[in-house]
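Q: Sequence:
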Amino acid sequence: MLGDQDSTPTVSGPRRYQQMRRSAQQPSSSGELSGMSLGGLLVDCSLKEFLWQHVELVLTKKGFDDSVGRNPQPSHFELPTYTKWVQVASRLHQVLISNSDDEMAELAAKVQSQVKVLEGFLDADTKFSENRCQKALPLAHSAYQSNLPHNYTTTVHKNQLAQGLRVYSQHARGVAFQRYALQLHEDCYKFWSNGHQLCEERSLTDQHCVHKFHLLPQPGEKPDMDRNPPILNHNSRGRSTSSCNCGRKQAPREDPFDIQAANYDFYQTKELQTLHNLLKLLVQDLTTRVKKVSVSFLL
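Numbering (the working numbering), first residue to last: 1 to 299.
Think of the hints as simulated: they come from the structure by calculation, not from any bench.
Nothing here was measured: the structure is a model prediction, and the numbers come from that model.
It is possible that part of the hints are untrue.
What the hints assert, rightly or not - Beta-carbon label-pair distances, calculated as ranges: (1) 103 / 202: 54 to 64 Å; (2) 115 / 230: 45 to 55 Å; (3) 159 / 219: 34 to 44 Å; (4) 251 / 206: 19 to 29 Å; (5) 250 / 207: 19 to 29 Å; (6) 154 / 179: 19 to 29 Å; (7) 219 / 139: 43 to 53 Å; (8) 182 / 233: 31 to 41 Å; (9) 111 / 53: 27 to 37 Å; (10) 179 / 207: 33 to 43 Å.
What the hints assert, rightly or not - Each computed DSS-like pair below joins lysine-lysine, with the alpha-carbon atoms no more than 27 Å apart: (11) 190 / 135; (12) 190 / 212; (13) 212 / 158; (14) 190 / 158; (15) 212 / 222; (16) 127 / 110; (17) 158 / 135; (18) 110 / 84; (19) 116 / 135; (20) 84 / 48; (21) 84 / 116; (22) 116 / 127.
Beta carbons are placed, not taken as given, at the ideal position from N, Cα and C, and that holds for glycine.
Build out the structure end to end from the sequences listed, making use of the hints.
A: This is the structure in structure tokens:
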């Protein structure tokens with residue numbers, strides 16, 4: 001009978017799963033399918049059957065024959081003793097079931113460190129990308145800090161960051177590119193914000209304040225250079241000459257940064273106010289004398 005001739009003996013042991021995969025991939029004609037019983041075509045595709053193939057390989061100490069290297073070497077397994085197995089199982093029970101939150105957090109940190117070690121051995125692409133990106137970061141930092149003044153504005157920071165990113169993109173490769181690019185952003189921002197920010201305010205004559213990032217003093221508060229950030233008034237180091245209210249006296253003035261400083265505070269300074277009062281008294285005295293002379297002349 002056709003069914004007797006084509007019947008395949010049942011294979012047990014580690015080769016069952018491989019035979020199942022090969023038989024599933026081989027095409028069969030409609031005549032062969034019709035001649036075979038349905039039960040002879042079915043194979044056990046359960047998870048248990050899949051795992052058991054690997055378990056049997058371990059139990060027989062043959063190792064996995066799945067190496068794709070140029071010179072494959074058989075893998076060997078060492079079965080733990082009963083004492084070791086009980087210790088590990090007890091520890092797993094403690095970690096997964098009866099552990100406290102604090103102990104779990106501590107153990108998670110240890111496990112994470114070991115996972116990183118395993119990733120370094122197993123994931124060659126990620127390891128290569130990590131090494132390339134780590135070597136590119138110092139070059140990008142140097143490009144960012146080249147020709148920088150001690151204090152600089154947001155515009156300069158962004159321009160230098162773009163230059164650093166260009167250098168980084170020339171050398172960095174792989175899956176870690178984005179993560180180290182974000183780290184470059186953070187490193188450059190920390191460098192800039194750690195005492196290198198220039199005050200962004202401009203005066204009414206469009207001159208930058210020369211101080212590093214600072215706060216303005218509140219009414220009645222004195223400037224304090226030792227504070228962090230310091231308490232200072234804006235200053236562009238620009239000076240000009242202006243006249244008092246009556247136009248008879250001129251004095252140098254600082255570059256104003258607001259309308260009040262430009263049109264009020266300057267004219268309320270002690271020197272100009274004193275001169276203005278003296279001129280006012282002089283005018284009043286001259287007016288009084290003229291009136292007296294006029295009266296005596298009329299008499």
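Q: Hint by hint, note whether the structure agrees.
A: Now for the hints, and whether the structure bears them out:
With their beta carbons about 58 Å apart, residue 103 and residue 202 fall inside the hinted range of 54 to 64 Å. At about 47 Å, the CB distance of residue 115 to residue 230 agrees with the hint of 45 to 55 Å. Range check, residue 159 to residue 219: Cβ separation about 38 Å, and the 34 to 44 Å hint holds. For the pair residue 251 and residue 206, the supplied restraint of 19 to 29 Å holds, since their beta-carbon distance comes to about 23 Å.
Here the CB-CB span from residue 250 to residue 207 is close to 21 Å, well matched to the stated 19 to 29 Å. Restraint check, residue 154 to residue 179: a C-beta distance of roughly 25 Å satisfies the suggested window 19 to 29 Å. Residue 219 and residue 139 have their C-beta atoms about 50 Å apart, which keeps the hinted 43 to 53 Å range intact. Between residue 182 and residue 233 the Cβ separation comes to about 38 Å, which falls inside the hinted range of 31 to 41 Å.
Look at residue 111 against residue 53: about 29 Å separates their beta carbons, and that is inside 27 to 37 Å. About 41 Å separates the C-beta atoms of residue 179 and residue 207, a value consistent with the hinted range of 33 to 43 Å. Distance check on the hinted pair: residue 190 and residue 135 sit about 20 Å apart at the alpha-carbon level, within 27 Å; holds. Annotation: proposed proximity of residue 190 to residue 212 holds, straight-line Cα distance about 15 Å (limit 27 Å).
Taking the CA atoms of residue 212 and residue 158, the gap is about 17 Å. The hint holds against a cut of 27 Å. For the given pair, residue 190 sits about 13 Å from residue 158 by alpha-carbon distance, which is consistent with the 27 Å threshold. At roughly 18 Å between alpha-carbon atoms, residue 212 and residue 222 fall within 27 Å of each other, so this suggested pair holds. Proximity of residue 127 to residue 110 is assessed by CA-CA distance (about 20 Å); at most 27 Å being required, the pair is judged to hold.
This hinted pair checks out: residue 158 and residue 135 have alpha carbons roughly 22 Å apart, not beyond 27 Å. Simply put, residue 110 and residue 84 have alpha-carbon atoms about 20 Å apart, close enough for the 27 Å limit, and the pair holds. A distance of roughly 19 Å separates the Cα atoms of residue 116 and residue 135; the hinted pair therefore holds under the 27 Å criterion. With a CA separation close to 25 Å, the supplied pair residue 84 and residue 48 stays within the 27 Å bound.
This hinted pair checks out: residue 84 and residue 116 have alpha carbons roughly 25 Å apart, not beyond 27 Å. For the hint linking residue 116 to residue 127, the alpha-carbon distance of about 10 Å falls within 27 Å, and the restraint holds.
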